[in-house]
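Whole structure, please, built from the sequences with the hints as guidance.
Protein chains in written order, with numbering that gives the first Met the number 0: chain A, 0 to 262; chain B, 0 to 262.
Since the hints were derived computationally from the structure, they do not count as laboratory data.
Simulated restraints on C-beta separations: (1) A/Arg-85 to B/Asp-65: 27 to 37 Å; (2) B/Lys-259 to A/Met-242: 30 to 40 Å; (3) B/Asp-65 to A/Lys-168: 44 to 54 Å; (4) B/Lys-259 to A/Lys-160: 41 to 51 Å; (5) B/Lys-249 to A/Val-233: 34 to 44 Å.
All of these numbers come straight from a predicted model, not from anything done at the bench. Don't be surprised by glycine CBs; every beta carbon is placed ideally from N, CA and C.
2 protein chains.
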Amino acid sequence: MSGYKPIGVFDSGVGGLSVLSHLRIKLPFENLVFLADQKHVPYGQKTQKELHDLTERVTKFLLNFDIKLLVVACNTASCYAIGHLRSKFSIPIVGVVPAIKPAISLTKTGRIAVMSTPATAKSRYLKDLIGKFANGKKILRLGCSGLEDSIETLDSKKTEKLLNIYVSKVKSFGADVIVLGCTHYPFLKGEIAKRLGNGVRIVDSGKAVAERVNNLLQTPSKISQKNLKQVKQVFFTTGDPLMFSQVASKLLKYNIVGKKAYI
Amino acid sequence: MSGYKPIGVFDSGVGGLSVLSHLRIKLPFENLVFLADQKHVPYGQKTQKELHDLTERVTKFLLNFDIKLLVVACNTASCYAIGHLRSKFSIPIVGVVPAIKPAISLTKTGRIAVMSTPATAKSRYLKDLIGKFANGKKILRLGCSGLEDSIETLDSKKTEKLLNIYVSKVKSFGADVIVLGCTHYPFLKGEIAKRLGNGVRIVDSGKAVAERVNNLLQTPSKISQKNLKQVKQVFFTTGDPLMFSQVASKLLKYNIVGKKAYI
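Listed below in structure tokens is the structure:
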């Protein structure tokens, strides 16, 4: 890894790649190791105990690369397992949080829609987040069943059909800000936007995560611009590497070769 | 790893290094990855379920190096977990078995001593092995409490004291063949021999394991003698890498730098 300790990033699937994109932009000199735990997707259907166990194993896999910081690029894992990980491991750990707080400052009508997996939609965590920041605002918690899976499988017909349904619910609700509360959804930002009128803002958490990581890094990698080619990104999946490579390359729009990981 | 798929070798501690030595001699062209699961030593005190879980995690760690064959260089794990590993993973898996069968062909007095950890000594596995091969012979199953630990910690005073006790038991029993039924004990072969009279043979399993591995390898690495320097060995421990490196270097008589592994 070019001699520099990498940053570890994981998700249950390919959604975390949207966070990785933001890290790549904000921190162009950092080596990155990405793991998609696709063998166990979706995390939304696991018990808390299972999530503790899985995320612990994922973190250990990444620690074998001597990572200096861990990004939990998955809302479910951030919600249910980040405390457990912080109690077990000493490196800094950054999770993703639905961008309720930024959404509050953007809304004019006071109506915000949070699109997420059904598990996140009904979580106490999201409820608490809304309770903490959104007093007086109307919040639609929209559990978008099937949407994550349609991205994982590049099933564009299903994606389109589901988006028609969910975005129309957002429109009926009259939201002027949409929070993307699942790391998969930023890949659909364009598709969502084109179904909405002007004046509706769509916010995700990737940029805020990248900024938080940048602030936390005690030993940022410093290499000169001309050595930028030495910066490494490596990709792993606990699922099928061919399938992963195909989907990841399509989503990130450059060629990605994922390797098999055993956790 | 020089482009060649390595062979994975693990033990709960440094004992498996005695098996690795035999592999190194028999298969000089093979890359090797060794893992000592010292965080969880000794395996003799784990339940079968714990052993299944630990050895599965160890195997996954080694599979991340794309190993082509796994050597379970630990008697306890071979005894209690090898069936489980074979049911989970498709690569060839070779275990260590106390060398009862070779001992039978060597004994003249018909009296054989098997030195092992207490857990192996009282295992059904060893009983079955003896029942199968040793009919008519007298077998002493000698559980050598503390001996493995004294090697792990390079506590030579303790080793000496324990060897005095255990070897005198072997002598009183009148064995003319000693089976070393723990992968740590071959490092004490000289110490044991010098406490015995001539005509007592000491057998261990390392050579037989290396021969079995050689027979099983479907794609042996073929490189020319002059490229022998490219052959790689890497060492990991789930325990303290400094301590491991110190003990392993002392036992193998060359410099070893172990890295930290998370399983």
